[in-house]
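There are 2 protein chains.
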Amino acid sequence: MPALRSEIRQGAYYDSVVLMQLQRGLLTLPGVLDAGAIMATPVNLELLEASGLRPAEAPSSDDLLIVVRAETDVAAGEALAQVDALLARRRASTDAEFRPKSLAAATQQLPEAAWVLVSVPGRFAAGVAGDAVRLGKNVFLYSDNVPVEDEVELKHQAAARGLLVMGPDCGTAIIGGVGFGFANRVRRGSIGLVAASGTGLQAVTSAIHALGGGVSQAIGTGGRDLHAEVGGLTALQALDVLRRDPSTKVIVVISKPPAPEVAGRLVGAARQTGKPVVLDLIGEPSFGGRLGNLHFAAGLEDTAEIAMGLSASISSSPSPPAPSAGHARYFRALFSGGTLAYESVLALQYVLTPLATNVPLRPDQRLYDPLKSRGHTILDLGADDFTVGRLHPMIDNDLRLRRLRQEAADPETAVILLDVVLGEGAHTDPASEIAPAIAEALGRPGLTVVVVLVGTEEDPQGLDSQREVLLASGALVFSGLRQALAAVVEQLPAGETVWPSPVPLESFASPAAINVGLETFFDSLVAQGAAALHVDWRPPAGGDERLMGILAKMKSSGKASQAP
Amino acid sequence: MPALRSEIRQGAYYDSVVLMQLQRGLLTLPGVLDAGAIMATPVNLELLEASGLRPAEAPSSDDLLIVVRAETDVAAGEALAQVDALLARRRASTDAEFRPKSLAAATQQLPEAAWVLVSVPGRFAAGVAGDAVRLGKNVFLYSDNVPVEDEVELKHQAAARGLLVMGPDCGTAIIGGVGFGFANRVRRGSIGLVAASGTGLQAVTSAIHALGGGVSQAIGTGGRDLHAEVGGLTALQALDVLRRDPSTKVIVVISKPPAPEVAGRLVGAARQTGKPVVLDLIGEPSFGGRLGNLHFAAGLEDTAEIAMGLSASISSSPSPPAPSAGHARYFRALFSGGTLAYESVLALQYVLTPLATNVPLRPDQRLYDPLKSRGHTILDLGADDFTVGRLHPMIDNDLRLRRLRQEAADPETAVILLDVVLGEGAHTDPASEIAPAIAEALGRPGLTVVVVLVGTEEDPQGLDSQREVLLASGALVFSGLRQALAAVVEQLPAGETVWPSPVPLESFASPAAINVGLETFFDSLVAQGAAALHVDWRPPAGGDERLMGILAKMKSSGKASQAP
Chain Y
1 MPALRSEIRQ GAYYDSVVLM QLQRGLLTLP GVLDAGAIMA TPVNLELLEA SGLRPAEAPS
61 SDDLLIVVRA ETDVAAGEAL AQVDALLARR RASTDAEFRP KSLAAATQQL PEAAWVLVSV
121 PGRFAAGVAG DAVRLGKNVF LYSDNVPVED EVELKHQAAA RGLLVMGPDC GTAIIGGVGF
181 GFANRVRRGS IGLVAASGTG LQAVTSAIHA LGGGVSQAIG TGGRDLHAEV GGLTALQALD
241 VLRRDPSTKV IVVISKPPAP EVAGRLVGAA RQTGKPVVLD LIGEPSFGGR LGNLHFAAGL
301 EDTAEIAMGL SASISSSPSP PAPSAGHARY FRALFSGGTL AYESVLALQY VLTPLATNVP
361 LRPDQRLYDP LKSRGHTILD LGADDFTVGR LHPMIDNDLR LRRLRQEAAD PETAVILLDV
421 VLGEGAHTDP ASEIAPAIAE ALGRPGLTVV VVLVGTEEDP QGLDSQREVL LASGALVFSG
481 LRQALAAVVE QLPAGETVWP SPVPLESFAS PAAINVGLET FFDSLVAQGA AALHVDWRPP
541 AGGDERLMGI LAKMKSSGKA SQAP
Chain H
1001 MPALRSEIRQ GAYYDSVVLM QLQRGLLTLP GVLDAGAIMA TPVNLELLEA SGLRPAEAPS
1061 SDDLLIVVRA ETDVAAGEAL AQVDALLARR RASTDAEFRP KSLAAATQQL PEAAWVLVSV
1121 PGRFAAGVAG DAVRLGKNVF LYSDNVPVED EVELKHQAAA RGLLVMGPDC GTAIIGGVGF
1181 GFANRVRRGS IGLVAASGTG LQAVTSAIHA LGGGVSQAIG TGGRDLHAEV GGLTALQALD
1241 VLRRDPSTKV IVVISKPPAP EVAGRLVGAA RQTGKPVVLD LIGEPSFGGR LGNLHFAAGL
1301 EDTAEIAMGL SASISSSPSP PAPSAGHARY FRALFSGGTL AYESVLALQY VLTPLATNVP
1361 LRPDQRLYDP LKSRGHTILD LGADDFTVGR LHPMIDNDLR LRRLRQEAAD PETAVILLDV
1421 VLGEGAHTDP ASEIAPAIAE ALGRPGLTVV VVLVGTEEDP QGLDSQREVL LASGALVFSG
1481 LRQALAAVVE QLPAGETVWP SPVPLESFAS PAAINVGLET FFDSLVAQGA AALHVDWRPP
1541 AGGDERLMGI LAKMKSSGKA SQAP
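So the sequences go chain by chain: Y and H. Taken in order, the first sequence gives residues 1 to 564; the numbers are from the working numbering. Taken in order, the second sequence gives residues 1001 to 1564; the numbers are from the working numbering.
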């Protein structure tokens, strides 16, 4: 009859590799059917239960729980009696004696190391990463379960010193050809990447490699970097590195859904890099097109393909858009077509900020008084509000022409966009009314008018003749919304980006690194030929939370008594 | 000195064309600088104010307001004195005497008309459309400002009779080659469209035409059809028409953001059409790929291009997926990569429903107990919850293998998807542990295992050898997520779609139509060679709200007294 036996070790610290190997060791013992060696969190207890391994005891989350199910109770007991021997076997196999015991000692032993890889358990990770920053090192912070307040503080401290903190929960990076954490071996090349995610970065770099391309740098940020609290600090530093890095010709930005204001800042900075940038904002509605140097991708494979196409085709880098000169800097779109208005909001929401509209995607985009434009403004003049007792603007141009004059008179208006939609049911000759109004508006210097003209040559108005009349007015005329919006963005000055203190490019050349945590990451650095050191790290107070608390109190009261 | 004079006509009804022509007439009079003739809604009053035309009076929303700004007060007064003459001139120009005065009379005069176009003001529109449905006609409901309750009732009444109500706020349709409302003249062809939006439909049909393609039918639904209240009734009927229509080879669905449950039903029905379907869910995160017969597009131009490619390439129609046979019908994904999990949710959220996950896009997708799958389930086993005191699933396969066995043992599981991510830092030989578990799982009949394998041939594990071992286990192995998800969808039986009562295809052959409202729509039907009649419609009680209320009360009390 199978029997279950368990053992609890209170507040003990073992790293996850040790626990995995302990579990595997237990499984090789005579009569053992299944085993678990795990920190006793609620989720882990439920996982044990699903495997029929949950013991009757209720240990705390900080306890180590070892469980064995064996053919007999005697076999289970004998297996548990081997735990210390199995742990000792593991310890003896490592050459611990040759290793520095602290990060400080390691930095003296390998002073050229510009990077520290941190993969200790989450509750210790911010402490180790903070030590690394104070020692002047960039950090690759693999650990998860790190509080966001700690992330914010770490990143600000690092940025102030021109240091980069990738993470927490940063699975992947490729720095100077060396993979940190989980990273595929890929050709070196001209595509530089910045990504919140680990596997996103792995999938795209692998796809670039498969397509024959290569990677200059792949910088991780951690999954929360674009949240409002963190503000995209690491992503902005990474963009800055890639724009300055001469080996990077094309930049790829992969992110999970960003906070809108952070996305606006990030995309604004991307415009200012002066290099082509492929954006894959995962989970955001995609506008499959190009706006200036920005290329919007839908999905990881699409991202790799677009980046490859750009890296193959560019001869010279685009120059960054000119910063705003004078007052004229805003975009005003006066649509008769609701879907065209809506698609424009989708396409431009992070490119032109602040953006206000009567067809908002998010509440903060709502233009409360549709009669007065505010910043960049996109109006659907066929919306219900405007059509009570009035013909649709596709039939009656009166409302749009009045608004066109109003926008042209506003010295802040730089570009006006109109759609002209031909076809059955619509105005029989819209260009005859709209073109003179455009010509009049263009009398004001510094103004551009862009028209998207929808129709076919079979339409009663005549597509070609309408286009000619509109062109003669001085407008730029396009038949597709994508091209029209690209023209709009190219006409507009860019907001200025305040770049953070630069992270020196030398750190990205051929990295030397110190590893604290998972030994496999050290092994992989060595296998890749990087100069590396592994710290024989132990948690403060042996990982005992109670003791750690006492130590922390003693430390702070010591500090207090030293104060004058 | 310019002077402003105005006149109010209480509760008077004029159609919008008459008002536009009155305004234009006033502008031609001597000394007149500007003029307005408009229903006095708050928005319209503000618009008048923006043009310096707002009078001191405060008329009600139902009143007609006529304003004139002229060089002198005398000129303004003289202009206003011309209003009745201008209105009379307009009326005399139409051949009103030859026109039916009611919809009922029109249907007797043109019995072959299967369609009624309704573009009367919103407050009267539901009434006219309801009359059309009761007379057995399909409705193109251009009017906006129609209450959603009226839309729901109308559509249910129509659907029960096998009739279609496009709208309200339906700007565009092309039925049997004839454009209704605003529609571009495009080649007839093999692409059938259903769209919420007017200009979306115009832009895509124009682009298809420009690319050399053609349109079989273009069916509008109105902007609210996919809201939860309406439930996508018109869209479902339209899909049903296009799947039965032999001239339609490729279907295009364009929608604004749908209610999630409605989107799931619609996409499920699209899978069942047995034809290639291009989906442009505007404002939804796009997965730029193909899943079975579904092709996901990002933007209007992309939509046209994909549809064209499909219409050029298909030789035979795909057969619809088999409905579920037996218990095995659910998808279970066990990812080690968070971004791959997240992208899978994006791609599948409307294709496989209900979908539950620990990386939800929306709260209703959350899998509350990540240890138990529910319906289609996507798990990120590298999420923070699972990694406390445990190695990441890229290093330690234990957790995933246990879950793989659990899912394989569930008779409802039809397809299991795993990612295997190679590279530095990861398990040195994942296939050696995962392949045997897959082979064991595949011992259960009716189960498919799909693997997405991320890596390069330079990776320490060896991409080719890992692939071979996994293939030998019986798994389907893909290097990209897109292909892997496409394979998943092809392996899964589809839920059954309950199609509504069919709308007869004869109505879509060469339409005859009755027009109620904007005369320009009638003119355009005639210009296109369609058999058409225009009803000389007048609102009940001359549009007087008070009188209409009294009439309605008399009518209902009359009904009540007739009841037994």
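In short, the hints are calculated from the structure, not lab data. Using N, Cα and C, we set each Cβ at its ideal position, and we do this for glycine too. Possibly wrong hints are sitting among the right ones.
What the hints assert, rightly or not - Stretch by stretch, here's where chain Y covers chain H in the computed footprint (C-beta under 8 Å, at least three residues):
hint	region
1	1158-1168
2	1268-1278
3	1446-1459
4	1518-1527
What the hints assert, rightly or not - Label-pair distances were calculated between CB atoms; the ranges are:
hint	chain 1	residue 1	chain 2	residue 2	range
5	H	1360	Y	312	56 to 64 Å
6	H	1077	Y	472	36 to 44 Å
7	Y	162	H	1471	19 to 27 Å
Cross-check of the supplied hints:
no. : hint                       : result
1   : 1158-1168                  : violated (count 0)
2   : 1268-1278                  : violated (count 0)
3   : 1446-1459                  : holds (count 5)
4   : 1518-1527                  : holds (count 5)
5   : H:1360 / Y:312: 56 to 64 Å : 38 Å, violated
6   : H:1077 / Y:472: 36 to 44 Å : 40 Å, holds
7   : Y:162 / H:1471: 19 to 27 Å : 49 Å, violated
Checked against the numbered hints given earlier, this structure breaks hints 1, 2, 5, 7; the rest are met.
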